[in-house]
Amino acid sequence: MTVQVCLTFDFDALSLWLARGATTPGPLSRGEFAAEAVDRILGLLERRRVKATFFVPAHTVQTYPDSCRAIVDAGHEIGLHGDRHENVSTLDYREELGINEKSIALITQLTGTRPLGHRTPSFDFSPHTVPVLEEIGITYDSSLMGSDFFPYLLRGGGTDWIGSAYEFGEPTTVVELPVSWTLDDYPHLEFYRSVDWVMPGLQDPRGMFDVFFEDVRFAHEEFEDPVVTVTLHPEVVGRGARLRALDEFIVRTMDLGAEFRRCDAVALDRLHDLTAT
Numbered sequence: 001m002t003v004q005v006c007l008t009f010d011f012d013a014l015s016l017w018l019a020r021g022a023t024t025p026g027p028l029s030r031g032e033f034a035a036e037a038v039d040r041i042l043g044l045l046e047r048r049r050v051k052a053t054f055f056v057p058a059h060t061v062q063t064y065p066d067s068c069r070a071i072v073d074a075g076h077e078i079g080l081h082g083d084r085h086e087n088v089s090t091l092d093y094r095e096e097l098g099i100n101e102k103s104i105a106l107i108t109q110l111t112g113t114r115p116l117g118h119r120t121p122s123f124d125f126s127p128h129t130v131p132v133l134e135e136i137g138i139t140y141d142s143s144l145m146g147s148d149f150f151p152y153l154l155r156g157g158g159t160d161w162i163g164s165a166y167e168f169g170e171p172t173t174v175v176e177l178p179v180s181w182t183l184d185d186y187p188h189l190e191f192y193r194s195v196d197w198v199m200p201g202l203q204d205p206r207g208m209f210d211v212f213f214e215d216v217r218f219a220h221e222e223f224e225d226p227v228v229t230v231t232l233h234p235e236v237v238g239r240g241a242r243l244r245a246l247d248e249f250i251v252r253t254m255d256l257g258a259e260f261r262r263c264d265a266v267a268l269d270r271l272h273d274l275t276a277t
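Residue 262 in the numbering used here sits at position 262 of the sequence shown, with consecutive numbering throughout.
These aren't lab readings, by the way, just hints derived from the structure by calculation. Glycine residues also receive a C-beta, built at the ideal position from the N, C-alpha and C atoms. Heads up, some of the hints might be wrong.
Unchecked claim - So the derived label-pair ranges between C-beta atoms look like this:
no.: 1; residue 1: Glu-32; residue 2: Glu-221; range: 35 to 43 Å
no.: 2; residue 1: Arg-193; residue 2: His-272; range: 43 to 51 Å
no.: 3; residue 1: Pro-171; residue 2: Asp-39; range: 20 to 28 Å
no.: 4; residue 1: Arg-252; residue 2: Gln-109; range: 23 to 31 Å
no.: 5; residue 1: Phe-223; residue 2: Glu-32; range: 36 to 44 Å
no.: 6; residue 1: His-272; residue 2: Gly-207; range: 35 to 43 Å
no.: 7; residue 1: Thr-2; residue 2: Gly-169; range: 45 to 53 Å
no.: 8; residue 1: Arg-20; residue 2: Ile-136; range: 41 to 49 Å
no.: 9; residue 1: Glu-167; residue 2: Gly-207; range: 20 to 28 Å
no.: 10; residue 1: Arg-244; residue 2: Thr-2; range: 21 to 29 Å
no.: 11; residue 1: Glu-167; residue 2: Gly-43; range: 46 to 54 Å
no.: 12; residue 1: Ala-70; residue 2: Pro-25; range: 44 to 52 Å
no.: 13; residue 1: Arg-244; residue 2: Gly-98; range: 18 to 26 Å
no.: 14; residue 1: Gly-257; residue 2: Glu-101; range: 49 to 57 Å
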């Protein structure tokens, strides 16, 4: 089978800035633009007949219900992405469980079905994330980087014994669709300045998508049945030149023979393969 590409969008909107305590009009307006950009992205995906996955915080579902409804009506998947873009690694079990249960209720009300997928807002886990995902019946996660092109089963928590090798936890039945910062538009393109550090961003979007495409081509040429997960953000990629560069990336990737699929479809296929004995 040819390379499969999961095009994913983290529709953070205001939640990202609220999580940073950036509540003045300037940063919030950057989050506000995400809703405008979603309309453009949906138009592009429709023209190219691509189905994608949107990871949407509960706060975004509540704040922009029309945009979220448009995503669903266009045939795209919506997965869990926290509530207000929390740093998951700081949460206790009940907090993390409660956030996910709130998100499940809102997304189920929106779509009519329980979400199958999950992505932490921070590309990180707490010690409780895996048991929380098992408790709420999640089929797949897409937050970790233990592989590049090969989905694998999440493991329970490992143990680091001083003076000995790390002991990995036991595999679960939750599929991990791995991600990478190298395949994420945010560090490449987004400018952010705080009192402590600056993320310069503002790179050439075509250069970024050239790198993305070379990863897809490498996977296609070197491996059997690889999966490439691309992480994008509407407020980042939804501006003029960037959106056109995304369009060009989609066309080039299709010309390569790659297949764009929703994360849930890929995860269900891989769950069968990974758990078959």
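Hints, verified against the model:
As the Cβ distance of Glu-32 to Glu-221 is approximately 42 Å, the hint placing it in 35 to 43 Å holds. Between Arg-193 and His-272 the CB atoms are about 46 Å apart, so this pair conforms to the stated range of 43 to 51 Å. In this structure, Pro-171 and Asp-39 break the distance hint of 20 to 28 Å, their C-beta atoms being roughly 41 Å apart. Checking the proposed 23 to 31 Å range against Arg-252 and Gln-109 shows it is violated: the Cβ atoms sit about 38 Å from each other.
Roughly 41 Å separates the CB atoms of Phe-223 and Glu-32, a value that falls within the hinted 36 to 44 Å. The supplied range of 35 to 43 Å is met by His-272 and Gly-207, whose beta-carbon atoms lie about 38 Å from each other. At roughly 33 Å, the beta-carbon separation of Thr-2 and Gly-169 lies outside the given 45 to 53 Å, and the hint is violated. Between Arg-20 and Ile-136 the beta carbon distance is about 27 Å. The supplied range of 41 to 49 Å is therefore violated.
Range check, Glu-167 to Gly-207: Cβ separation about 41 Å, and the 20 to 28 Å hint is violated. For Arg-244 and Thr-2, the hinted distance range of 21 to 29 Å is satisfied, since their beta carbons lie about 25 Å from each other. For Glu-167 and Gly-43, the Cβ-Cβ distance of about 49 Å falls inside the hinted range of 46 to 54 Å, so the restraint holds. Checked against the hint of 44 to 52 Å, the C-beta distance between Ala-70 and Pro-25 comes to roughly 25 Å, which is inconsistent with it.
Arg-244 and Gly-98 have their C-beta atoms about 41 Å apart, which leaves the hinted 18 to 26 Å range violated. Checked against the hint of 49 to 57 Å, the pair Gly-257 and Glu-101 fails, with Cβ atoms roughly 41 Å apart.
In terms of the numbered hints stated before, the structure departs from hints 3, 4, 7, 8, 9, 12, 13 and 14, listed from lowest to highest.
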